[in-house]
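Given chain A, work out where chains B, C and D with the ligands should sit, using these hints.
Just so you know, the sequences run in chain order A, B, C and D.
Numbering of the first sequence is given in our numbering, commencing with residue 25 and proceeding in unit increments.
Numbering of the second sequence is given in our numbering, commencing with residue 25 and proceeding in unit increments.
Numbering of the third sequence is given in our numbering, commencing with residue 2 and proceeding in unit increments.
Numbering of the fourth sequence is given in our numbering, commencing with residue 65 and proceeding in unit increments.
Simulated from the structure, these hints should not be mistaken for lab results.
Among the hints, a few may not be true.
Stated by the list, open to error - Label pairs and their in silico Cβ distance ranges:
no.	chain 1	residue 1	chain 2	residue 2	range
1	D	193	A	38	29 to 35 Å
2	C	125	B	41	29 to 35 Å
3	D	456	C	5	57 to 63 Å
4	D	643	A	80	41 to 47 Å
To be verified - Cross-link-like lysine-lysine pairs, in silico, PhoX-like; alpha carbons within 25 Å at most:
no.	chain 1	residue 1	chain 2	residue 2
5	B	37	A	67
6	B	67	A	53
7	A	67	B	53
8	A	37	A	67
9	D	107	D	118
Glycine included, each C-beta is placed from N, C-alpha and C at the ideal position.
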Amino acid sequence: MTRYPVRMAVTLKPEVLDPAGQATLAVIKERGFGMVDELRIGKLVDFSVQARDPAEALEVAQRLGREFLANPVLERFDVWMEEDLRLGAGCDGE
Amino acid sequence: MTRYPVRMAVTLKPEVLDPAGQATLAVIKERGFGMVDELRIGKLVDFSVQARDPAEALEVAQRLGREFLANPVLERFDVWMEEDLRLGAGCDGE
Amino acid sequence: MGNNVAVVTFPGSNCDHDTVWALQELGAEVVMVRHDARELPRCDRVVLPGGFSYGDYLRAGALAAHAPIMDAVGRAVARDAVSVLGICNGFQILCERGILPGTLWSNTSGEFLCRWEWVEVATSPPGWPAFVPGMRFRLPIAHAQGAFRVHEGGAAQIWAEGGAFLRYVDPVRNAATGYSPNGSVQGIAGICRGRVIGLMPHPERAMSPVFGSEDGRRFLHLWLGGPS
Amino acid sequence: MTAADVGLTRAEAMTVRALVGREPTDLEWGLFGVLWSEHCSYKSSRNRLRWLPKDGAAVVAGPGGNAGVVRLDAAVEVAFKVESHNHPSFVEPVQGAATGVGGIIRDVVAMGARPVALMDSLRFGPQAAALREGVVRGIGGYGNAIGVPTVGGEVFYGPGYAKNPLVNVLCVGIRRPGREIGARGAKPGEEVYLIGQPTGRDGIHGASLLASRDFSQADRDMRPTVQVGDPYTGKLLMEATLAAVAAGGVSAVQDLGAAGLASATAELAVSSGVGIALDLDRVPCREAQMSAYEIMLSETQERMLLVLAADGGEDALDAIRAWGLVPTKIGVTTADGQYVLTFRGQRVAVLEASWLVDGCPLKPAPSPRVAPPLPARTTGSVRVSIASQELLAMLADPDLRDRQPIYRRYDSMIQTRTVWGPEHEVAVLCLKESTLGLAIAVAGPGRWAAVDAYSGGAAAVALAVSRLAVQAAEPLGLTDGLNAGNPDQPETLAAFDQMILGIRDAALALEVPVTGGNVSFHNETDAVSIWPTPVIGAVGRHPRPERPWADAVTRVGRWIVLINAPQKPTLAGSVWEQRTGQLTAYPRVDLERLARTVHWLRQALLTDALGIEAVRTVADGGLWLALIKLLGLDGPGNLGIAVTLSAEALAEQLLNEAAGQFVLSIDDRGWPEVSAQLTARAIDHRVLGQTVAEDGLTVRVGSGSGASHWHWPRTELAAAWRLWEDK
Ligand SMILES: Nc1ncnc2c1ncn2[C@@H]1O[C@H](COP(=O)(O)OP(=O)(O)O)[C@@H](O)[C@H]1O
Ligand SMILES: [Mg+2]
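For reference, chain A alone in the conformation it holds in the complex (with noise of 0.2 Å):
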C-alpha cells in the first residue's frame, strides 16, 4: 500500500450563480483590479488516499468527490495526482 496525495478542485458548475465571486469581483474592480474578470470562487481539497496503485486512489478520490465534497447539484469537481500537480508560481501571502 502506498499513500498518494490528491488535490480536488471543487467548482460551481458555469450556469450556477455564484454570489461570493460576484461581489468579491465587483469590490476589486473598484479597487485597483479593473483589469480582473470572471472571478469564481470554488473549493481545494487536498488529501491522500492509501491505495495499492494510483489508478486504486484515483477511483477512491472520485468517489469521495461524488459522495461527500462536491454537490452534484451545483457543483462539478476536478481530480489531480501527484504525477499532475506543478507548483505554480506560489507565494506566501505575507
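Quick look at chains B, C and D with the ligands alone, frame taken from chain A:
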C-alpha cells in the same frame, strides 16, 4: 492586450490547524473512507486578467492574492497561469 | 473626549441601526457614515457595527476592509485621533484591515452560533481604566466566523502587549481559562490595540433586561467614557 | 414545443387556443404553462380558499396581495405571510431553504413593510439528519445575513415526509400606515423597472412546474438549474426597495418569485388593471444569448419589479442607486390590458394579461361545506400503562426533544426587538414604533391531520391562537400554509377540503381572519404522500411586550392548575400513538369552549390581582411535557412541581395532546376568584398540585394503598430532553 485565465489556490499555511478539514475527515472516515487522510480545505479562485503579457498578468494576480484573496495571518496562495494548467482526471460530479 | 460617534454602514451591515439606537440611548451624538465616504465626519469615536458586509463573502470583513471609509479610519487611527470600536463584523473588518492583529476564522462547529455568553475583562485597555480586570458581562454572540486566531506565537505576544481585552468565561463550570464557545485561541472574545477595540459579542443587543441583560448598556457606557 | 412540454393538459391547451384565437408561439405556450401551473394559478385550491373568513376589524389587506396586512395600532401595520419551498429544498436543501427565506422576505418587502421576524416550520422523514442540517443551514444562512431574526419555528417528523420534506417559512414585517404599496397601484403610462440580480438561466420551470407535479425520479433528472440564494444582494434589494417606496413616486411593487418575470409582470398588470409592454432586450442578463423564453421564465432570485410614475420617479431611482443597484427600465404600463413582449425588434407575445392570470379553468369546489363526520375510531380508548423510563424516552422523541441545536444557528436577536425568541412557544417582539408589541406563533403538526384533516386543521388554528393567548395577545390575523399531496387524487383533495374547513371553523369560532397563505400540492413521491399539513401562523397584538407573562414557575407555594382537560382523554394523534406506529383520528377541539377560554385568559392575565404567575399551552407531548416546561429546566434547585393524578387512564392523562388545554401556576390569593370565574364560564379546571421547595417534578398517582410516587430531578429530565448536550 490579452485576457489571461488564472487559477489561484488559497490554502492554510502548513503549520496552521484546519478544524473544518479535520471535521470533514472525521465524517468521511466514518462513512467508509478510512483510507483517506491528511485532509485540508482551501479555496480556489478562478479569474481572468487583461494584460500585455503573461508576466504582467502574473504580477496582477499575485498582487490580488496578497491584497484580497488570501488572509496573510493564516493562508498562503499559489497561482497558475494557462500554460501551467492541465486538465485533471475530472468528473462532472453527477 | 466628547461623545460624537460615527457609525459606519457597509453594504450588508445589519446591526448599524441597533448600534445607533443603543448609543443614542446612552446620550451619544451619533452620525451614520457610508462605506464610500472618503473622510470621517468630525467625531471622537467610530463604531464599526455588526452584520455581513459584502455578504461576508470571500472571508468575513475582507472586502469591507478595503472600503474607502477604512482608509479614513486607518489614517485617523494612525494619528491617534479617534477611538474605534468594532463589534462582530466590525471586529473582523479591523483584523482584516490589519488595524488589529490576528483574524477571525470559522467557528469550530462550522456553524453560525447565536447565544448568550459571559465575557470577562482580562486586561484593561489603555485609556479605559474603568474596564477593570475580572469585570464580567453577559452578552449575546451571533456569528459564524468568530474564532480568534493568530499566527504561531501571536497569542503570547498579544498578552504581552496588553491586548487581550476580553475572554469568554463559563461561570457555571467556572473553568479558570480556556473556555471558548467558538474555538477562539485562549478563549479570546475581544482585543485592543491603542484606542482600537474589537469584540465578537454584541453589547448593543443587551441594553435592557427585557432583551435578556443590560450588561451591554454597562459596556457601552464605559466605552463612552462613563464612570463605573 | 407542445402544450404538454409546459405541463398543460389537453383540455387546458384547448382553452388556451380558444382564448388566443390562433396557435400560440412557443414563448406564449411557456407563459401559459407557468402561469397556469398549480403553483401560480391555484387552480385546484382557489375556489376552496374562498371558504376562509377574510374580514376582521384589524384587516388592512386580505388575501390576494403579496402578503396580508393587519393594523396593530394607529402607528404600525403588520404584513405577514407563510410560504413553502418544499420541492426545491429536497433537490438542494441549503439553497432551496435559503431561497425560500429570501422569497417570503421579498413578499413582505413588496408590501412596503420592513421584515422584522421569521419563523420556520419544518417536516422531515425519520432518517433525515443530512437534509435537516442542510435546510437549517440554508435558513440561518439567509436570515442571519440579511438581518431578519428567526424568532421561532417548529420541526416534526413523519414517514410521508421522507421524500417530501416541508420547508414553510413565515415572515412578519411592519410599516407605517400610509405607506401601503403592492401590486395594485400601477396606472397606465407608467414605467416598469427591474432591480436586483441580473437574470440567469436558473430555475427555469423551477418553483412553478417542479412544485406543480409529483416528484418522481424522472422529474429529478429533469431538475432545472437550482437557484442560489444571495442574501447580500437580498439585503441591498430590501433596503433599496424600502428606500424607493419611502422616497415616493413608486406606484406598484411586485417581487419576482416562482415563474419569474412572467408571473410578476402579468400579476402586476392584472392586479392594477393595466396592460404592460416589455422590451426584453433591456432585461440585464447574467449569461449571453438568453432567449425570450428563458428571460421570461427564469427564476433568478433577488429581483424586484417597480412601477414608477412617468415623471417624479427620480427620487426613488436615486434611492435605489444609493444602495448600489442599477434600476433598469424594461417597459411601460398601458391602458389596453394587453400583455406585449418585444425581443430583438419583434413582438414575440401578444396576449391579454387576464388570460394568463385568470384564464386557467379552476377546479370547482364541492358545495356541502359543513364539517365532515367524525371518522371511525380504530383505537383511541385503549388504556395504556406507563413506566418512568418510557416517559423519559418520550422526552427524547424527535418530535419533542429540545430544539436548541437548531435554533442556536439562527440569529434570533438582531434588530433588537426580540423579547421572547425561539426557546418559548410564542415569540414576543417589542417595537420602537409603538408601546404595543407583537406576539407571533406557528402551529400545525401533520400528525394531528393525518387521519382527520378537519380536526387537524382546526387544532392547528386552536393551538396558534392559544399560544397568543398565553401572552394576553389578541389575534389580528392568520396565515395558512396548506401542504398536501397530489390534488388530482380525489382522496387527497377531499382531505385538503376538510383541512380548509377545519381552519375555517376554528377561525370563525375564534374570530380571526385569514389574511393570506400558501398552497403547496404535489408533496408526493413514488406514490407516498405527506399527511395533509396545515402550517398556521398567527400574529397578535401584545399589550405589554416589555413585561411578558412567564411560562415557567418562579416561586414555591403556587397552585398548578390544568384548564380544559378532556373528559375522556385519548392518545389519538399523539406522539405516543405515533411511536406505536398506528395513528388514529385526533380529537375534535371544542372550539366554542376554547373561544371562551382564550377570551377569559386574555382578561385574566391583565388583572394582576388574579395572581397568575405563569401559563403555557398543552400541546405536543401532552401534560407531561407541559409540566416539565412549566417547571423550567434551568430554574433554581430549590423549586419543583408536585402533582397528583388519578390512577385511571394515567398515560392518557399525561400524554393526550388535545388542543385548548392550558397549565397555569396561580398564587393563593387569586385562586378562589380564578376558580369562580372559570366555573361561571363553564370552563373545566382542576388543581393538579403545587410548586414545592424540592427540585424537579414529582407525580403522585392515585391515593390510599395503591398510590405510587415518581420523582425526576431536573438533571434527569434535562439529560433526556437535551439529547444533544454531549454531542
Ligand atoms: N392557503 C391560503 N389561504 C389564504 N390565502 C392564500 C392561501 N394560499 C395562497 N393564498 C393567497 O393567494 C395569493 C397568491 O399566493 P402565492 O402565489 O403563494 O404568492 P407568491 O407566490 O406571489 O408569494 C397570496 O395573496 C396568498 O396570500
Ligand atoms: Mg409574491
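Results for each hint:
At about 32 Å, the beta-carbon gap between residue 193 of chain D and residue 38 of chain A stays in the expected band of 29 to 35 Å. Checked against the given bound of 29 to 35 Å, the beta carbons of residue 125 of chain C and residue 41 of chain B, roughly 30 Å apart, stay inside it. Taken as a hint, the range 57 to 63 Å holds for the pair residue 456 of chain D and residue 5 of chain C, whose Cβ atoms sit roughly 59 Å apart. Residue 643 of chain D and residue 80 of chain A have their C-beta atoms about 46 Å apart, which keeps the hinted 41 to 47 Å range intact.
For the hint pairing residue 37 of chain B with residue 67 of chain A, the CA-to-CA distance comes to about 16 Å; that is within 25 Å, so the pair holds. Between residue 67 of chain B and residue 53 of chain A the CA atoms are separated by roughly 20 Å; this keeps the pair inside 25 Å, and the hint holds. Of the pairs offered as hints, the one joining residue 67 of chain A and residue 53 of chain B holds, with about 20 Å between alpha carbons and a cut-off of 25 Å not exceeded. Only pairs whose Cα atoms come within 25 Å are accepted, and residue 37 of chain A paired with residue 67 of chain A is accepted, the gap being roughly 12 Å.
About 20 Å separates the Cα atoms of residue 107 of chain D and residue 118 of chain D, which keeps this hinted pair within 25 Å; it holds.
Checked against the numbered hints above, the structure violates none of them.
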